[in-house]
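Asks: Based on the hints, put chain B in the right spot on chain A.
Quick note, the sequences are listed as chains A and B, same order. Heads up: the first sequence begins at 1 in this note's numbering, then just goes up one per residue. Heads up: the second sequence begins at 1001 in this note's numbering, then just goes up one per residue.
Calculated from the structure, these hints are not laboratory results. Just so it is clear, CB atoms sit at the ideal spot from N, CA and C, and this is done for glycine as well. Check the hints yourself; a few may be wrong.
Calculated pairs, DSS-like style, for lysine-lysine (alpha carbon to alpha carbon, straight line, at most 25 Å) [claimed, not checked]:
#1 B:LYS1010 to A:LYS127
#2 A:LYS63 to A:LYS8
#3 A:LYS343 to A:LYS332
#4 B:LYS1014 to A:LYS108
#5 B:LYS1014 to A:LYS8
#6 A:LYS144 to A:LYS188
#7 A:LYS89 to B:LYS1125
#8 A:LYS19 to A:LYS4
#9 A:LYS127 to B:LYS1046
#10 A:LYS188 to A:LYS63
#11 B:LYS1014 to A:LYS144
#12 A:LYS19 to A:LYS144
#13 A:LYS57 to A:LYS144
#14 A:LYS127 to B:LYS1014
Stretches of chain A that chain B covers, calculated by requiring three or more beta carbons in the stretch to come under 8 Å of a beta carbon on chain B [to be verified]:
#15 70-79
#16 112-126
#17 163-174
#18 244-254
#19 345-353
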Amino acid sequence: MENKGLNKVGLIFEKINQKEVLTKAFNMSSNEIIQDILDSGLKGRGGAGFPTGLKWKYTAAEKEPEKYIVCNADEGEPGTFKDREILDKVAYKVYGGMAIAGKAVGAKNGIVYLRGEYRFLLPQLMKELESFHNIIEEIGFDFKIRYCLGSGAYICGEESALFESIQGDRGEPRNKPPYPTTSGVFGKPTSINNVETLVSTMMIILHGPGSYSQLGTKDSRGSKVFSVSGDTPTPGIFELELGMSVQEFVNEFGDGDTKAVQVGGASGFCVPRKKFQNTIIGFEGVPTGGSMKLFNSSRSMYNVLHNYLDFFAEESCGQCTPCRVGCQQLLKGVEKVKKGEVKSNYLNELVKLADTMKIASKCGLGQSVGNAFRTIVENFREEIIY
Amino acid sequence: MYQVGNLVKKLSDKHGRSRESIMPILQGIVEKHNYLTDEAMVEVAKELDISAAEVFGTASFYTFLDTQVRGKYVIRVCKTITCSMKGKSEIIQTLEDMLKIKVGETTSDRNFSLIETNCIGWCHKAPAILINEIPYTELTPEKVVDIIKGYLHK
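One chain only, chain A, in its complex shape (with noise of 0.2 Å):
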């Protein structure tokens, strides 16, 4: 297993010349870019991780001339909060990843979904937005960004659901096919992304898919930025190198007193400290969107199961029942092993149902809550029931 130990990295937060890699895409063919992309081995930030070359591809082969660009900043993984720094502090080069992903696929049209918690931040995104609208008119770029507001629905970061959201619905995710890359928002082929990926490719086009994948191991390319919370004397944001186990991050964020990390929020996994050493944190072994809590020997794991189950059966917006149903199921049946009501093997009854909505969710809510119960009741049975 390739093992790359921890290394902070500064890519995300760089100074960088907007108009100079700009200029730098706009004299690029859209192949070019496509090729970069593609060769640089970047996949997608959010947490689901599938190739970012690949959706632009997709997108850009659609006939259709109306495209768009949506950013998904609907950032409301528990534990995730480095789009917000991201925003914050380099905003200009979220546009600047979006124009050119609006060059690579052909689309003129932008469109960033900001989560209603983050409404603060808007004046100055807009100030910000003002600005790069002027540098890509200098440089000939026809392509326009505007703002929708989320009203605090985490489902919405759901992509289909995003687009529901953005066309004033309710939102509940669509079937998948047709995927966004034919049929997204409006109906149209949409190449949706998250903030720190368009920021990525942004870097990739500054220096050059050759040098961003000489970062990280074959499964996981490049670097990533961390939201690092829990018992740990280091909260924060961090952007290391991917392809470090989950003990090297420990050695360097943990108390001393670590008994679990939850990588990638509610929606993650649990790894128990007896797996710290091999387990790698990335595509090839734990996935994450960047959310990385500590817990130490202090915390209750039942607690903590019990508050994402709880945040679950509240976000799970309803429409199909696998997940509905599932969710307060999962939640009650918990609280009844805590209780002694059942017997402790209802807990195997529930990692079942657990299993089930993995298969027969519609959309990713529902089927990633049995990552976090399987792992914590696997792992920390005990704890859950008594």
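Replies: Frame of chain A, contents of chain B only:
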């Protein structure tokens, strides 16, 4: 209750009258009046020439588009895991004692509403709250008292 007056018309002039204008219009009403009344939603439906049920359908999906009475300052306390671990309960206790309301309630002078919310993206500076759109982080009961005092004198 408030009179929505010509606010819906003004917002529709600004954001347009197509289906996708619903969200910014409803957000605009909430920004001014803190919550949506039935009257306001019917007015939006009329202005956009769609069914009021459609407007209610959208509004009722989103937690920030409140359809029940809210105060001038809506305090949202993050209850997700890190804030929970770092003292959310003390923050709630302090707010309840100070405002003399429980979670989910609004003060009788309609100045404050106290509600819990899911992760607001400040886990590294937990515990955190939002008062309307403004985040306050790394809170202690003492800090909360000072912040609320500031709002009382506004």
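Asks: Given the proposed pairing of B:LYS1014 with A:LYS8, does the C-alpha separation stay at or below 25 Å?
Replies: Violated, because 45 Å separates the two Cα atoms, which is more than 25 Å.
Asks: Given the hinted pair A:LYS188 and A:LYS63, is their Cα-Cα distance within 25 Å?
Replies: Holds, at roughly 10 Å.
Asks: Going straight from one Cα to the other, do A:LYS144 and A:LYS188 come out at no more than 25 Å?
Replies: 16 Å, holds
Asks: Quickly compare the C-alpha distance for A:LYS57 and A:LYS144 to 25 Å and report which way the hint goes.
Replies: Holds, because 21 Å separates the two Cα atoms, which is no more than 25 Å.
Asks: Taking only the CA atoms, is the gap from A:LYS89 to B:LYS1125 under or equal to 25 Å?
Replies: At roughly 17 Å apart (the allowed maximum being 25 Å), B:LYS1125 and A:LYS89 satisfy the hint.
Asks: For the pair we were handed, B:LYS1010 and A:LYS127, check the Cα-Cα distance against 25 Å.
Replies: 23 Å, holds
Asks: Confirm or reject the coverage of the segment 345-353 of chain A by chain B under the rule of 3 or more residues with a beta carbon closer than 8 Å to the chain's beta carbons.
Replies: violated (count 0)
Asks: Is A:LYS343 within 25 Å of A:LYS332, Cα to Cα?
Replies: 14 Å, holds
Asks: Does A:LYS8 lie within 25 Å of A:LYS63 when you go C-alpha to C-alpha?
Replies: Violated - the C-alpha atoms of A:LYS8 and A:LYS63 are around 42 Å apart, more than 25 Å.
Asks: Going straight from one Cα to the other, do A:LYS127 and B:LYS1014 come out at no more than 25 Å?
Replies: Given that 25 Å is the threshold and the Cα spacing comes to 19 Å, the pair holds.
Asks: Are there three or more residues in the segment 163-174 of chain A whose C-beta lies within less than 8 Å of some C-beta in chain B?
Replies: holds (count 8)
Asks: Please count how many residues of the segment 70-79 of chain A have a CB within 8 Å of a CB from chain B and say whether that reaches 3.
Replies: Check passed, 5 qualifying residues.
Against the hints set out earlier in the document, violations occur for numbers 2, 5, 8, 9, 18 and 19.
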